[in-house]
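Peer 1: Take a look at the letters that make up each chain.
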Amino acid sequence: MTRTETNRSRSSNSNSENSGDGNGGGGERTNAMRVIVPLQGVVQGRGGLVLGSVIPCAFFYFLQFYLKRNRKNDSDSGDQNSASSSTNSDSNSGLPDRTRSQSAGHLTELTGLPRSLSRILLSPRNSVSVSSRANCVIKGGDSPYYLGQKRVKEDPYDESGNPDGVIELGLAQNNHKLSFEDDLVSENPKEEAISDGLSISGIASYEPCDGLMELKMAVAGFMSEATKNSVSFDPSQLVLTSGAASAIEILSFCLADSGNAFLVPTPCSPGYDRDVKWRTGVEIIHVPCRSADNFNISMVVLDRAFYQAKKRGVRIRGIIISNPSNPMGSLLSRENLYAILDFARERNIHIISNEIFAGSVHEEEGEFVSMAEIVDTEENIDRERVHIVYDLSKDLSFPGLRSAAIYSSNESVLSASRKLTTLSPVSSPTQHLLISAISNPKFVQRFVKTNRQRLQGVYTELVKGLKELGIECTRSNGGFFCWADMHGLISAYSEKGEIELWNKLLNIGKINVIPGSCCHCIEPGWFRFCFSNLSERDVPVVLNRIRKVCETCKSHN
Amino acid sequence: MGSLKKNGGAILSKIATNDQHGENSEYFDGWKAYDKDPFHLSRNPHGIIQMGLAENQLCLDLIKDWIKENPKASICTPEGVHQFEDIANFQDYHGLKEFRQAIAHFMGKARGGRVTFDPERIVMSGGATGANETIMFCLADPGDVFLVPSPYYAAFDRDLRWRTGVEIIPVHCSSSNNFKLTVEAVEWAYQKAQESNKKVKGLILTNPSNPLGTMLEKDTLKNLVRFVTRKNIHLVVDEIYAATVFAGVNFVSVAEVVNDLDSYEVNVDLIHIVYSLSKDMGLPGFRVGIVYSYNDSVVSCARKMSSFGLVSSQTQLMLASMLSDDRFVENFLMESSRRLGIRHGVFTLGLKKVGITCLSSDAGLFVWMDLRHLLRDRNSFESEIELWRIIVNIVKLNVSPGSSFRCTEPGWFRVCFANMDDDTLHVALQRIQDFVSKNNNKISEKASDNNDQIIQNNNAKKQKWRQSNLRLSFRRLYEDGLSSPGIMSPHSPLLRA
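Chains A and B, in that order, give the protein sequences. Residue 557, in this note's numbering, is where the first sequence stops; the numbers in between run on with no holes. Residue 497, in this note's numbering, is where the second sequence stops; the numbers in between run on with no holes.
Treat the hints with care, as some may be off.
[Unchecked claim] Straight-line distance between alpha carbons at most 20 angstroms, and here's what the computed DMTMM-like set of lysine to aspartate or glutamate pairs gives:
{"#": "1", "chain 1": "B", "residue 1": "14", "chain 2": "A", "residue 2": "154"}
{"#": "2", "chain 1": "A", "residue 1": "554", "chain 2": "A", "residue 2": "495"}
{"#": "3", "chain 1": "B", "residue 1": "231", "chain 2": "B", "residue 2": "144"}
{"#": "4", "chain 1": "B", "residue 1": "304", "chain 2": "A", "residue 2": "283"}
{"#": "5", "chain 1": "B", "residue 1": "97", "chain 2": "A", "residue 2": "154"}
{"#": "6", "chain 1": "B", "residue 1": "180", "chain 2": "B", "residue 2": "217"}
{"#": "7", "chain 1": "A", "residue 1": "554", "chain 2": "A", "residue 2": "500"}
{"#": "8", "chain 1": "B", "residue 1": "14", "chain 2": "A", "residue 2": "283"}
{"#": "9", "chain 1": "A", "residue 1": "554", "chain 2": "A", "residue 2": "468"}
{"#": "10", "chain 1": "B", "residue 1": "199", "chain 2": "B", "residue 2": "219"}
{"#": "11", "chain 1": "A", "residue 1": "153", "chain 2": "B", "residue 2": "85"}
{"#": "12", "chain 1": "A", "residue 1": "504", "chain 2": "A", "residue 2": "155"}
{"#": "13", "chain 1": "B", "residue 1": "396", "chain 2": "B", "residue 2": "35"}
{"#": "14", "chain 1": "B", "residue 1": "109", "chain 2": "B", "residue 2": "120"}
{"#": "15", "chain 1": "B", "residue 1": "304", "chain 2": "A", "residue 2": "373"}
{"#": "16", "chain 1": "A", "residue 1": "548", "chain 2": "A", "residue 2": "485"}
{"#": "17", "chain 1": "A", "residue 1": "504", "chain 2": "A", "residue 2": "154"}
{"#": "18", "chain 1": "A", "residue 1": "153", "chain 2": "B", "residue 2": "98"}
{"#": "19", "chain 1": "A", "residue 1": "277", "chain 2": "A", "residue 2": "293"}
{"#": "20", "chain 1": "B", "residue 1": "352", "chain 2": "B", "residue 2": "422"}
{"#": "21", "chain 1": "A", "residue 1": "449", "chain 2": "B", "residue 2": "85"}
{"#": "22", "chain 1": "B", "residue 1": "109", "chain 2": "B", "residue 2": "98"}
{"#": "23", "chain 1": "A", "residue 1": "150", "chain 2": "B", "residue 2": "120"}
{"#": "24", "chain 1": "A", "residue 1": "150", "chain 2": "B", "residue 2": "422"}
{"#": "25", "chain 1": "A", "residue 1": "153", "chain 2": "B", "residue 2": "92"}
{"#": "26", "chain 1": "B", "residue 1": "304", "chain 2": "B", "residue 2": "92"}
{"#": "27", "chain 1": "B", "residue 1": "14", "chain 2": "A", "residue 2": "468"}
{"#": "28", "chain 1": "B", "residue 1": "97", "chain 2": "A", "residue 2": "155"}
{"#": "29", "chain 1": "B", "residue 1": "97", "chain 2": "B", "residue 2": "86"}
{"#": "30", "chain 1": "A", "residue 1": "464", "chain 2": "A", "residue 2": "363"}
{"#": "31", "chain 1": "A", "residue 1": "153", "chain 2": "B", "residue 2": "120"}
{"#": "32", "chain 1": "A", "residue 1": "277", "chain 2": "B", "residue 2": "141"}
{"#": "33", "chain 1": "B", "residue 1": "304", "chain 2": "A", "residue 2": "411"}
{"#": "34", "chain 1": "B", "residue 1": "198", "chain 2": "B", "residue 2": "141"}
{"#": "35", "chain 1": "A", "residue 1": "153", "chain 2": "B", "residue 2": "217"}
{"#": "36", "chain 1": "A", "residue 1": "150", "chain 2": "B", "residue 2": "35"}
{"#": "37", "chain 1": "A", "residue 1": "228", "chain 2": "A", "residue 2": "373"}
Keep in mind the hints are simulated off the structure, nothing from the lab.
Bound-form chain B, shown alone (with noise of 0.2 angstroms):
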């Protein structure tokens, strides 16, 4: 029971003074050392390069483009602002029609024109956080279960817990099949839940996948699909990477999986999506959620719950008159995935030519790096941790270890590549790549130097200088990584994760 004994006050709630929000964590370090040290190109060339940051930045220009030729969407302009009133007043919860019907269009948009949405069903929320939040709180009571492939989200454990009372359990993914979510191994935890006593309301996929980047596979949703079926469970698809899908590629959401199997082998009360504008625009500073149920009492609870996070009218009229645009929606759509297509192709051939694999993906802002053959100990989370200290500090990129999205396996490492321009994103690879293989000189030098040992044994004087050298400065190496920056950061780094 947390409470302000120490000075007198007035008891505070557990929810205010429990650790459930998971900033605490030793990861946001990183963020940390990232507020204190900035990279800028040519203002701090040595600072720390931001990629723990699943922003899309990569098309922003064209979003400027579109707003300074419609300068009437807003209504703080000359063009716009006869509408001010109107639209400074306008409270409904329900949504102004005009941004509901222009989302409805665009999440058909961004799921290829196959699947359409009614309007009727949309409803807003402070983000896909917020979202998120509302549709735990729609569907289950404290204590109840919701299962969650793992690797996930990092911020899950604060957006779906914290102020819901609900449980995660996650379903374990192995590198063995390149992470690839099975009906298997959700029955396997199903049943692991339900012979402990939870009761089990729902599972949650996160697809495309955020950290892996990976799609599932229309059998697999429709599997999965027919599972909670059969077991009555809720089924939450948080689809917020649908348009980060990399050119060439299709994505299958669940809505088009409902509308393909037979009406006996989907209950569609069972099925909700959750989507959000911050990355398939990337607009986060907008905080445009939406759930998106095919319940009619989910619609109708959530839309109550949806006045305690509204997305601004003002914005609502903005974003309803840019998604209408076909011409506009219809261009930055391809050219979004053309770009992160490029991106993902540049940054993963650069970490390749020093040996450095990623698991392969279609989709997402970030890579899932594959580092267990640098780690010191490749089964244990604490040479994963080392190994992301030096990463941060010495190699100075801020990247996100697996352990934060309870991966199981350590040695995985998310890098998001889409929140900078190429010259910085030049500047990482180079960093990268350095560090590499200064650290592969190192291994061979260790190497050969052994060899050298056994061969040459009046050598031995000047050999024993070389190793202790060597030694230390690879313990200086790890001892400067190890000692965190204790700095505050003003702001909670996990909304941005």
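The shape of chain A in the complex, shown without the other chains (with noise of 0.2 angstroms):
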């Protein structure tokens, strides 16, 4: 199998250098048995050492077809042959089913490999060909970022139950526990639709896939609401999907062709590798922000990746910004936005701005500056490249639920999201309770302010606490993480030295964190500590843990 792909390799490379000398060799396949015969009587005249190069590359390039020919029996057997192997061993164990459902759980079980090996992966032969996508994704699970949700799932902290469980500190969400059930009961008895059995055909048939005008209204209210009132959304221009994952996906599908690039600066949030590339074979150019510009997007990089990009005949079709920054937590200026939205319209492009954690601004001063405001005072056009993603799950600590939002100005790509939405759309039970949960602005005010306030209180808390052990972390003003810089405690300065740190943590300290390199961080030794899972009370906890790590890094170095 390898033989005959390097053969066909290297017939491919003779075929263009054939096209390349005009003889016309490569081009058109039919054409290479008539070049080859009249060729062989010119080779004992002159031109006899150019021909007689050309001659065996013809060889070649027959011999590629030869075998292409033959390839696809071959191919069908060899790949029958493995399967029925596979079936055999199955019978062999007389059992079929429970070994199958065995290695299921290996499957799921793929050890820890740091991002680097995976590559070796990246081309297996399975007995049954799926699709080249589904290899990839299938390769997609074994980086940091899923093995230590894993090992959390396993051992979970409970401080009761399980006070020398894994602390998760990588996942992105929000264990804000407001008294949510008695609101939802004692103020809201409409919400008991559903209880009442009268409204169940309503809400167990089909409704537009895109969302409830009513859900889409609350959103578009909770959305104001969470830029403080500084620009209202247009509930008409609101396209619901089941979570940011699949409202980023859309986008990405609606905005570019498979092949095409959109520009990410990094360090930047780890689902992005799944969501906008996975499926859509859309490729993401990582534009590099430093930790000497304080992680500050620089317009020069910008401009450099983008016609480096060019240069390689990649096209790009947007860039994709997240405000509060994940995973650094800070907040785009205003003067920042209007760079971008600068750079975006001279090169034509897309803007995908991220703002799903618009609402968890902690920071008393912190602004928060949507990308819809800085383009309601802009022209149409500028508008119509605009497309905000907001994810009601997230700000409202119920990610179950799988509510987010994509917001445009753009009739066209509002219009193939609605469909796409079909796809992946929202239950409509959770529609009706969520429509009761945040259509009544007293709650919604009193849960803002009350989260803005934990938020803060766990975020002080711990980075004082870091900043004791020596860790200091980028100022953050949003969102649920801090970024960490532990460069200190890594015993070499690259990606192999964060990984063994990052492995230390989860063994030894028994927390999950999340790797710079997951986020795409060119300089080692960053962490992302997603802080909005712990309350007050488990900071110390988790201080302590880190302490106990930093003193075997360095009694080891």
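Build the complex from these two chains, which are given one at a time in their own frames, with help from the hints.
Peer 2: So this is what it looks like as structure tokens:
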């Protein structure tokens, strides 16, 4: 198999050479035959040297055909052999179903491979071919991002039940415990629509997939609230999707063709690799930001990345920014946003502004500016290039309810996204639940306020404690994360050193954090701590554990 | 290349601008017409009756009762609210364990308890639509081909192709053998595809079939499984109508066949099942789709993709407790197939009275109605559309023409019967009966007119008048029907088909 591959690639090389020297040996496949026969006569005459080298090439070309024609049968029978051998082994064990489910268990059990190794696994030979997309998705799961989550699942920390368990600081979820329940039941008797059973046929039947108008209005209201009413969102420009992942995927399906690319300033959300690339075939071009610039987006670097991509023939379709930023938690200033908009205008590309943490700006002075506000005053053309992703479940801490939104002024994007949501809509009972939860402005205001207070409390505690341990964090104003500089603790200043420390944090310290390499940070030694998972009581526990890791690192050094 | 150049905006992708979603085709005029003028027994008795929607509303009362008896299942009632926090925060893409177990259990029950399903292989997705797309993403690359027996579900063109870039090659079935799918036909289509240098990745079956309502026989299914194993291509079986089989008939799932066959005859890595609760339970709004694959790689891949279409955790919890209530499930399945059987009987009998036959079927929420004798030209799809426009605009029933299901013979229509109450059904039947008898009268009148003409030459004057009058009314009938209502529907009609 591999031999035929090399042959093929070689002959295709020669093929291009042929067409290069104008003999026309390449190009049309059927021409190959006609060219070679007269050539043989010519070789004996002059120019034998040149043509003598052409003919072997042509033979290779031929060989490729021969192999190609026979390959189908070959691979068929080969596959069949391996397939039948796998079924044989099943039948040997006598209980095919059981062995199969065991192997299913192994499959998810991908051992702790560092990212650099995953490339080796890129071309597995399955007995049955799944799509190459699927292969790439399967590989996608063995980064520390997923491995850490798995560890937490196996051995979760619980203050009383499992005090030695792993503490989750990786997954972006909000542990905000407001007496949501009381609100729901006491203030919203309407919520019992489902239990009344009266409207079940309304709830259970087919409904517009992009969300009920009532819910859109509530979401628009909530988004305005999160931006402190500096901009009003038009509910008719909203498309609701099941989760932010799906919203981002829908946008990349709408804005880019397979093979096109998006610019993404790094460090960025680890989820983009999955949401933007997996199924769409769209590429990401990372635009590195440095700690020296406080990880601010530099327009010069952005420009350079754009032109480098252009030179390589890659078409850039847009830029994805997150504001408040994930993983740093910083807010983009008005000037920054204008600069990005100018950049997008000049290059005629789209902007996806990921504002899923808009309602979780925890610093008092922190002013969150939505991209929507920036383009509000601009002309239509520029409005049409801006698409905002918002996630209800982040700010309101119910990720399980899977409800996010795309906000855009571009009619074509809206109409395409509406159709695409049929493939991943929000379930209607949940929509009804959400409507009654967030249409109450009093409740929303109170929720946002207490949420901010709580986040700020935990954040200050954690950052102070880390500082005492000699770990500095960049300033975070919003979102669930702080971005900690731990390069002093890594043994080697490289990705390997970083993963080593990550392993220590997970296995010795028993905390699951996200290493910077998952966020595509080019400087090793940075880690993302998702503090919103913690209550203030948990902070000392976490700090103690980090101290323990610090000590082991120092003793090694 | 689609672009927004006209207003100078940045360019959109092909997916956003192409027509592959298939919603612009003329057949959706029927949906638009319905949206404009929906029938209501008392408020709008002359409106259009929706018979293009495969929705199962016959047993919703049972579900309502269950919800009333089990307020705990919903996290937004006083009884269940203590679970709110845990559930709202739950975001594991594997899904709640209880939910997967309950679904696996239910899938077994819906197949007569003759097979069991492994909860570890249950992967969630956003409805059957999302499930079908996910499985395509997992199995095929852009340009790869899947064989699909036609007539097939109209929205397959969107679900399977739009974002995945997969191509569909239909395997044509014909009325000459009651649209039965044969292995020979599949083999022939496979051969044809190979000859045109297409890479065939698999075969998709809908069993029970939408739009036919027929089921594959066990032997055919066995042979198809052997066929895919021999060719080493995938077999995706869409079994979303598994529990709509009428009382007294047995449905054979591919899971059963896989268990029956010897291990050398079947490569289970090639077998995948798509399931959903939208049809069997009548809960399309819950958007629960399931991919069940015997292939570990596919399970793991689909599971990762499921983060793009997860079922909300609240819905998972509610269904978990509903579906693990054995007494309820058994009663529901029995009652549902009984009611569907009765409804089917009433409807086909009503059609028979006016000489309309349907393809004999054992399952589904629809019948495949044969109106070939009413076509002006039996061999043209134009006359099918003509007749269809008359049915929508004058008879005021929104049915779906066979051509939208890629049927190769004109004159067949899919008519849904389970998305309405008994009274509406009778109105619908009445309308069909009136239409057919009027049509018959005219035809017989015309025939007798012709006789008259030959025999009674002296009455020629009167005759002429009658004939022209008749032609006039006929033409008006057609013209009325042909003008399409050009209104936009507020939401996509396809998703509900």
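Peer 1: Decide, hint by hint, whether the structure agrees.
Peer 2: Taking the hints in turn, this is what the structure says about them:
no., hint, result
1, B:14 - A:154, "violated (43 angstroms)"
2, A:554 - A:495, "holds (19 angstroms)"
3, B:231 - B:144, "holds (15 angstroms)"
4, B:304 - A:283, "holds (19 angstroms)"
5, B:97 - A:154, "holds (14 angstroms)"
6, B:180 - B:217, "holds (9 angstroms)"
7, A:554 - A:500, "holds (14 angstroms)"
8, B:14 - A:283, "holds (16 angstroms)"
9, A:554 - A:468, "holds (15 angstroms)"
10, B:199 - B:219, "violated (27 angstroms)"
11, A:153 - B:85, "holds (18 angstroms)"
12, A:504 - A:155, "holds (16 angstroms)"
13, B:396 - B:35, "holds (12 angstroms)"
14, B:109 - B:120, "holds (17 angstroms)"
15, B:304 - A:373, "violated (35 angstroms)"
16, A:548 - A:485, "holds (17 angstroms)"
17, A:504 - A:154, "holds (17 angstroms)"
18, A:153 - B:98, "holds (16 angstroms)"
19, A:277 - A:293, "violated (28 angstroms)"
20, B:352 - B:422, "holds (18 angstroms)"
21, A:449 - B:85, "holds (19 angstroms)"
22, B:109 - B:98, "holds (16 angstroms)"
23, A:150 - B:120, "holds (16 angstroms)"
24, A:150 - B:422, "violated (52 angstroms)"
25, A:153 - B:92, "holds (9 angstroms)"
26, B:304 - B:92, "holds (10 angstroms)"
27, B:14 - A:468, "violated (54 angstroms)"
28, B:97 - A:155, "holds (17 angstroms)"
29, B:97 - B:86, "holds (14 angstroms)"
30, A:464 - A:363, "holds (15 angstroms)"
31, A:153 - B:120, "holds (16 angstroms)"
32, A:277 - B:141, "holds (15 angstroms)"
33, B:304 - A:411, "violated (31 angstroms)"
34, B:198 - B:141, "holds (12 angstroms)"
35, A:153 - B:217, "violated (44 angstroms)"
36, A:150 - B:35, "violated (48 angstroms)"
37, A:228 - A:373, "holds (11 angstroms)"
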